[in-house]
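**Student:** Sequence:
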Amino acid sequence: MTITRHHAASAILTASLVALVASPQSYESPKYAVKDLGTLGGSISIASGINERGQVAGTSFVRGDDAVVGFVTQGEEMCPVGSLGGEVAQATAVNSGGETVGVAQLSGSETVHAFVGKGGEKATDLGTLGGENSLAYDINKSGVVVGLSQTKDDETIHGFSYENGKMRELLPDSAFSAATGINDAGQISGYFASRLGGITGFVWQDGKVMTIKAIRGQVSVPLAISNRAQVVGISSTGKKDEFHAFSFQN
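Heads up, the sequence shown is in my numbering, so the first residue is 641 and it goes up one at a time.
Every clue listed holds true.
Under the rule of at most 20 angstroms between Cα atoms (straight-line distance), these lysine to aspartate or glutamate pairs were calculated in the DMTMM-like manner:
| hint | residue 1 | residue 2 |
| --- | --- | --- |
| 1 | K848 | E809 |
| 2 | K806 | E772 |
| 3 | K781 | E803 |
| 4 | K781 | E692 |
| 5 | K792 | D813 |
| 6 | K675 | E692 |
Hints are computed from structural coordinates only; laboratory data are not their basis.
Given the sequences, and given the hints that come with them, work out the whole structure.
**Tutor:** Now the structure itself:
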């Protein structure tokens, strides 16, 4: 095989990079520390949310791995949160006041409901939109909770916002909807399925809905919204089986 100048240049570049990586003088240890939050006695724990004060919300197995419990950290301590009497609870988010939301199994049932609570205190069952199951995704500093719920007769699933003891249905005319995030201004991110097909993202505020289209194609799924109304999520690109992360700001 003839060695061209291109091959020679590539070999020299590769050798140089290997030497650079291998050189002790070129390597600098990263200046950070990974903290082990531990578990509630079991073998696995997962962190899913954090607030401005550094409190972490998540889920942990208990001793014997025979139950799954939501948790929120208080200082160095991991505190159980979210039990509604069943063997499974998962915490998804925590606000600046330490209020934690998620989903928990009811006592003696496979039914799960959205909850809000604080570590060491009894959780509040947020109920449903008339159906059997619900779950909460996020909570803002004012204590407004968003998520999704089955509707009456479990016919469909719709997003909700929960405030002052009342659950409000979002986009009730859609075939399906979910509310995935809320910021401190009360702007809600989510997505809905139209009855003509496709999944469209949205931002909801004070009863008004702004849609977020896909990069290309028919799928746009916002997953979170910041206090600057920046929305992030996943979108189709127009190519088969290809989806990309996206950010959006009006």
